[in-house]
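Just so you know, the protein sequences line up as chains A and B, in that order.
Counting from 1 along the first sequence, just add 6 to a position and that's the residue number in the numbering used here.
Counting from 1 along the second sequence, just add 6 to a position and that's the residue number in the numbering used here.
Don't read these hints as lab results, they were simulated from the structure.
Treat the hints with care, since some could be wrong.
You can't tell identical chains apart in this list, so a pair holds if it fits in one copy or across any two.
[Unchecked claim] With a Cα cut of at most 25 Å, we get these calculated BS3-like pairs of lysine-lysine:
id, residue 1, residue 2
1, LYS443, LYS321
2, LYS399, LYS313
3, LYS97, LYS70
4, LYS92, LYS126
5, LYS235, LYS44
6, LYS35, LYS313
7, LYS434, LYS297
8, LYS316, LYS297
9, LYS235, LYS297
10, LYS126, LYS41
2 protein chains.
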Amino acid sequence: MQIIQFPPREQWTRLLQRPVLDNSDLESKVSDILKGVKQRGDQAVREFTERFDRFCPDTLEVSKAEIEEAINLVSPELQQAIQQAKENIEKFHRIQIRNEDVVETMPGVYCWRKSVAIEKVGLYIPGGSAPLFSTILMLAVPARLAGCREIILCTPAYYSDISSGANRGKVHPAVLYTAWLSGITRIFKIGGAQAIAAMAYGTASVPSVDKIFGPGNQYVTCAKMLIQKQGIAIDMPAGPSEVAVFADETANSAFVAADLLSQAEHGSDSQVVLTTTSPELIEDVKAELEKQLHLLSRRTLAGNSLKNSKMFLVKDRAEAMDLLNSYAPEHLILACKDAEELAEKVINAGSVFIGHLSPESAGDYASGTNHTLPTNGFARSYSGVSVDSFVKKITFQQLTQEGLQNISTTVERMAQAEGLDAHARAVKLRREAINKK
Amino acid sequence: MQIIQFPPREQWTRLLQRPVLDNSDLESKVSDILKGVKQRGDQAVREFTERFDRFCPDTLEVSKAEIEEAINLVSPELQQAIQQAKENIEKFHRIQIRNEDVVETMPGVYCWRKSVAIEKVGLYIPGGSAPLFSTILMLAVPARLAGCREIILCTPAYYSDISSGANRGKVHPAVLYTAWLSGITRIFKIGGAQAIAAMAYGTASVPSVDKIFGPGNQYVTCAKMLIQKQGIAIDMPAGPSEVAVFADETANSAFVAADLLSQAEHGSDSQVVLTTTSPELIEDVKAELEKQLHLLSRRTLAGNSLKNSKMFLVKDRAEAMDLLNSYAPEHLILACKDAEELAEKVINAGSVFIGHLSPESAGDYASGTNHTLPTNGFARSYSGVSVDSFVKKITFQQLTQEGLQNISTTVERMAQAEGLDAHARAVKLRREAINKK
């Protein structure tokens, strides 16, 4: 990790800059995939799956028999862990459901909001070596709590090295088990941009949905951005995962190193930032990183990620928090004394982990908070996924005769000043009809 | 208006289709504007303003003197109306601010969410003949309630026919008055895609913002979609404004016609839909439209809009509601008996107006609900603007020793099953340290 001592403020933006990906080439490739699926449906989905995954299952939809088989393959210990995590995630997300009061803004003018579930949502879960069944919980639990009528899942039908051919045409059992446990309506063995296209436009096999959620590689991310431009909602823009840690002299360097490595092991492009007021801690964390890195099965990925990562030595915790708010990290760990107090000063972050005993991995899996969070500085303006992400808040209003009379002058004057006669007339006609009675 | 009697369900999608705009040509033009402003800042803003508005003011920022002058030009009656509307909008939006409880998901595992204002937001208000000062209230009031630190406004410096040269370099007084009243921090005389670019990237004059709100022409809309793809948040995708009315035999045809015309007068591309169970009402509304259309100053626009609009005769109110949910209108007026009951069945709509005395124009200006709403069917997945649009909901968590011990098995098992060793170690190291004590 690069060590930067007492960086002047005017250099923060440059020092905290994330790598910028040039997607212009990718965009035309992904556009072609989207067009193909839009025009030719399942046939195009099959062709792209053959081309990219080198194998396409006969039936795209996962059968009940496959799910039953998968359930038997997941150990009771893992099932129990997944159930516990689900319970905690449900507890945390349930209180996000809220019915607001009716507001009488003027006598006789009643206004309110109501949360109504998005009818059809689509979740995407990547395949590959790390089966992200935890992400299914993070998306399906709030979708169910919101009351979505249809929750479909697309995930590629392989879960180890594609080239080996092992498990070809199969979805990881823990993914199927978790999908079943979380009440996913239908599961399809489709990956990549073609999965996003199928859910956006619908095909003979895959129903179209109103909003698409979930992580993915650059093809998936690009497909989501393109379909968003076409008016289909997505959870949020995506970028590589990130953690920033503030640690003072009270921090345990082994814990800090483990937290940094939990982020680094996600992939070579993961972003890891340590900010500290203690020069000694930097040395200790460096030594611990060295020691722990070699124990990891994903040490090559984690090592690459650390090479691009930075440690900042700053003069005090106020400056540290300014720097961290300026970075707007996805995950922020406050490993310091009086961490609760410092947490009050957080302005830009996806999720905050307070104190020495709150590692990011607790929230990644099981504490109850959502792990689908804004990366790439999007924490300045985006929230993580919650029940809110699966509902629309529709406003309602009802005026009585008194309400219409009370509001009419205001509406008529404003409409006339904006030059919108019919707007004024819609109120005036009603006012006159009431007065005539 | 085209009349369609008893349309079969399989034709609904086709009949309810909105016109699709081909923006491919526009996109390259707008991309060039964005690039220009990103690279050359104010200089490019001035060049584009000269080119499109045919005049660029010497100073881009509106001065205090200009605001004071504007305040004096707005009649006390209009000031009073704007103040009343602001008060109602504040009342309705204030209850959207909410602090959630801390949830103890397992003994010793504490999780909560906190709403934190987006620091810097940018509002865009179009110029032209209808000065949309009401939209300033709809955006600035929730921004202030949310606690945004910086709220800037861009609006072009003309407010009548550009070619006449009248009011050249000036912003409409009611716009400046409303901006001042709503606590906008800074106002800039910039319009079009160059305004969106200036707020997205920042220039020497204009600060960059984290999220951009507001309506605009196709250039503005396209610029917002493009900067969203670059990770700057926007309020929502935009399309032409819409109203759908359900009216039964109890409806007043003059009221219904006035409501349809209030939408139609927005522009030639406004979408107007009437759904009814009463053949007589169709005839009466047609006659009323004819009568009222000629009274409007914007009758040409309204007339064009009506030509593309549709009346549907359906067999009963249940079918009407299915059709309307399938259309997902921005505004939905329920002009029928037992309208409250029917309102319960709404799944897809931006804002709902219940009963014969609740015209859309009440909500457009002053009832208190927000008028920045999802168009183009986006009501299936998007909400209108609210205080939520101006905050991020950051999650926090804090674990005690007991909490860490309670959650550790679950986290370690799930992390191992996902192949993420360091995630497991971050919990294991802490668990072991506690046990050693």
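Status of each hint after checking the structure:
Proximity of LYS443 to LYS321 under the C-alpha cut-off of 25 Å is found in neither arrangement, the shortest distances being 75 Å within a copy and 33 Å between copies. Within a single copy, LYS399 and LYS313 get their C-alpha atoms no closer than 44 Å, and across copies no closer than 32 Å, so neither meets the 25 Å cut-off. For the identical chains of this complex, LYS97 and LYS70 are neighbours neither inside a copy (29 Å) nor across copies (52 Å), given an alpha-carbon limit of 25 Å. Only within a single protomer do LYS92 and LYS126 lie at most 25 Å apart by alpha-carbon distance; the minimum there is 21 Å, versus 36 Å between protomers.
For the homomeric pair LYS235 and LYS44, the shortest alpha-carbon distances inside one copy (15 Å) and between copies (21 Å) are both at most 25 Å. In this assembly of identical chains, LYS35 and LYS313 lie within 25 Å of each other by CA distance neither inside one copy nor across copies; the values are 31 Å within and 40 Å between. Only between protomers do LYS434 and LYS297 lie at most 25 Å apart by alpha-carbon distance; the minimum there is 16 Å, versus 78 Å within a single protomer. With identical chains, the CA atoms of LYS316 and LYS297 are at most 25 Å apart within one copy only, with a shortest distance of 18 Å there and 71 Å across copies.
Taking the closest pair of Cα atoms, LYS235 and LYS297 never come within 25 Å of each other, the shortest separation being 46 Å inside a single copy and 41 Å across copies. For the homomeric pair LYS126 and LYS41, the shortest alpha-carbon distance inside one copy (22 Å) is at most 25 Å, but the shortest distance between copies (37 Å) is not.
The structure fails hints 1, 2, 3, 6, 9 (numbered hints given earlier, in ascending order).
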